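One-letter residues, chain by chain:
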Amino acid sequence: MASVTQSFMKIFRNSPPGAHPGLQAQRTPQRLTRRSSGLAELSRLFQSEEPLCILDIGSTSAGNIRYLTERSHRIYSEDLLEASTDPSLVMRDEKGQHTLDQKLFLAANLVYPNAHFDVVLCWNLADYLDESLVKPVIARLWSLLKPGGMLLAFFHTQEAGPDAPCYRYHIVGNDVLDMQHIDARRDMRRGPTGATHTAIERSFRLQRVFNNRHIENLFRDFTSIKFFLTRDNVREVLVVR
Amino acid sequence: METPKTEFAHIGKSVIIKGELSGSEDLYVDGEVEGTIELEGNNLVIGPNGQVRANVNGKGVVVQGRLEGNIHASERAELRKSAVAIGDILTQRIAIEEGAYFKGKVEMEKESGSSAAVASGSRAGTQVTKS
Numbered sequence: 071m072a073s074v075t076q077s078f079m080k081i082f083r084n085s086p087p088g089a090h091p092g093l094q095a096q097r098t099p100q101r102l103t104r105r106s107s108g109l110a111e112l113s114r115l116f117q118s119e120e121p122l123c124i125l126d127i128g129s130t131s132a133g134n135i136r137y138l139t140e141r142s143h144r145i146y147s148e149d150l151l152e153a154s155t156d157p158s159l160v161m162r163d164e165k166g167q168h169t170l171d172q173k174l175f176l177a178a179n180l181v182y183p184n185a186h187f188d189v190v191l192c193w194n195l196a197d198y199l200d201e202s203l204v205k206p207v208i209a210r211l212w213s214l215l216k217p218g219g220m221l222l223a224f225f226h227t228q229e230a231g232p233d234a235p236c237y238r239y240h241i242v243g244n245d246v247l248d249m250q251h252i253d254a255r256r257d258m259r260r261g262p263t264g265a266t267h268t269a270i271e272r273s274f275r276l277q278r279v280f281n282n283r284h285i286e287n288l289f290r291d292f293t294s295i296k297f298f299l300t301r302d303n304v305r306e307v308l309v310v311r
Numbered sequence: 073m074e075t076p077k078t079e080f081a082h083i084g085k086s087v088i089i090k091g092e093l094s095g096s097e098d099l100y101v102d103g104e105v106e107g108t109i110e111l112e113g114n115n116l117v118i119g120p121n122g123q124v125r126a127n128v129n130g131k132g133v134v135v136q137g138r139l140e141g142n143i144h145a146s147e148r149a150e151l152r153k154s155a156v157a158i159g160d161i162l163t164q165r166i167a168i169e170e171g172a173y174f175k176g177k178v179e180m181e182k183e184s185g186s187s188a189a190v191a192s193g194s195r196a197g198t199q200v201t202k203s
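Heads up: the sequence lines are chains A and C, in that order. When you read off a place in the first sequence, starting at 1, and then add 70, the result is the number in the numbering used here. When you read off a place in the second sequence, starting at 1, and then add 72, the result is the number in the numbering used here.
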């Protein structure tokens, strides 16, 4: 990612927890509602009589499972952010820096046949996922999507601030999402490997901020990309394979 | 579905079973099971200490502990908030508490028992509980 972004994120990382105004309120488990133009576009697909194959890679949402299975679609759920906290993924690169083993990660996650999904719900994963995994995951998602398949992703703008909370997204209407702050201490007490993630004391932190150029670059293998600007410092992106 | 331990056959948390487990009564598993669990027409509860690596088949399946394997619940599958479930779920009704970890596919089956996805006319089939 661009050095400008990294410099910006250094400021983020050095800021003490709780320094961001309103953070205390954000940590209180609560649900916020937002309108989603990207979801509105996807909803046209969801009305299809033809059962769709949908992959949700955000935090497990019972609401999404209910919403989509009620419409006769098959939903696959896989919490990639939580999976990325598996301690066995940690390795050192050539420079001796800690990184995550992307091969091991992709051997255990997103293991589906190529061109299997009509829709991927990526939510805000890319903003919170470890740098080493972002591009490999997007590349894998490209291959899992059918040609013409769609992916919905959210990206924070710089104005969101370093402590922008990580949310679990629940579909509650054709263009309406409930956002539930992920309480890491509760949700992460036992990960997919059965390991207890005691090192994670707070919620996930924003890892970086993508600008439009970064986003276009991230999805450069896709056929088209559509941006939706919102009022809550989030860009919604709908890409088509 | 409630989890009454007293009326269920009980596999305690110190018990480890490897192989095929089948029965004609409700079963509560709080220990370790590896293989298959076949309880057609009866209920299975995997307790909070339960560690199951098996495909499970029952009328109702409740997961509170850890399950690696597919669930076929002819009536209802339920993942409690402490559940870690890795595998596919085929059922008529599903309830997943917030906080449960689930990795896999969910497919709804019609009440007739066919594996087709639930029709729009039977939309009441999915239930979600929130903590």
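What the hints contain is simulated information worked out from the structure, not anything from laboratory work. Only a predicted model underlies this, so the values are computations on that prediction, with no experimental measurement involved. Among the hints, erroneous ones may be present.
[Said to hold, decoys possible] Listed below are the simulated EDC-like cross-link pairs for lysine to aspartate or glutamate, each with C-alpha atoms no more than 16 angstroms apart in a straight line:
hint, chain 1, residue 1, chain 2, residue 2
1, A, 205, A, 140
2, C, 131, C, 112
3, C, 182, C, 140
4, C, 90, C, 102
5, C, 177, A, 140
6, C, 182, A, 140
So, going through the hints one by one against the coordinates:
1. A:205 - A:140: Violated, at roughly 33 angstroms.
2. C:131 - C:112: Answer holds: residue 131 of chain C to residue 112 of chain C is near 6 angstroms, not above 16 angstroms.
3. C:182 - C:140: Cα-Cα ~24 angstroms, so violated.
4. C:90 - C:102: The hint holds at about 14 angstroms.
5. C:177 - A:140: Holds - the C-alpha atoms of residue 140 of chain A and residue 177 of chain C are around 14 angstroms apart, at most 16 angstroms.
6. C:182 - A:140: 12 angstroms, holds
Hint violations for this structure: numbers 1, 3, all remaining hints satisfied.
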